[in-house]
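Asker: Sequence:
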Amino acid sequence: HTFDVVQSAGNSTFNYVNPVRRDVVSAGGDSQQIVIRWVTDNSGPWFLHCHIDWHLDLGLAVVMAESPSDTSAHNNPIPADWNQLCPIYDSLSPEQLGAEGS
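Here the working numbering is used: the first residue of the sequence shown is 72, the next is one more, and so on.
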């Protein structure tokens, strides 16, 4: 998804007429905010996140569920051949897989 940046960090005005379109935006400082908007025309889960690893570890991310009722319409069923992809892995015991308490 790309989105409209309606309000940039450090700016007090909103631009609903011709906002900048981006796929990434700076969130600014602690007391600043940004406002984004996007068209909901692509159903499914969309991960909105920070690109700093330790921020992700702290939970600074969210999954936007866009049109959940339409999501299943474009999910493809898993083919039967999928079950034959990893026979060696499938034959491993819980101990070999490192299961807790094994």
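I should point out that these hints are in silico values taken from the structure, not numbers from a laboratory.
Glycine is no exception: its CB is placed at the ideal position from the N, C-alpha and C atoms.
Please note that the accuracy of each hint is not assured.
Distance ranges between label pairs, derived from CB positions [to be verified]: (1) A151 / T84: 52 to 58 Å; (2) S138 / R92: 41 to 47 Å; (3) Y160 / R92: 40 to 46 Å; (4) R93 / L156: 36 to 42 Å.
Asker: Now tell me if each hint is right for this structure.
Answerer: Hints, one by one, checked against the model:
1. Our hint of 52 to 58 Å for A151 and T84 holds, since their Cβ atoms are close to 57 Å apart.
2. Checked against the given bound of 41 to 47 Å, the beta carbons of S138 and R92, roughly 21 Å apart, lie outside it.
3. Y160 and R92 have their C-beta atoms about 43 Å apart, which keeps the hinted 40 to 46 Å range intact.
4. Between R93 and L156 the CB atoms are about 38 Å apart, so this pair conforms to the stated range of 36 to 42 Å.
Violated hint for the displayed structure: number 2, the only one.
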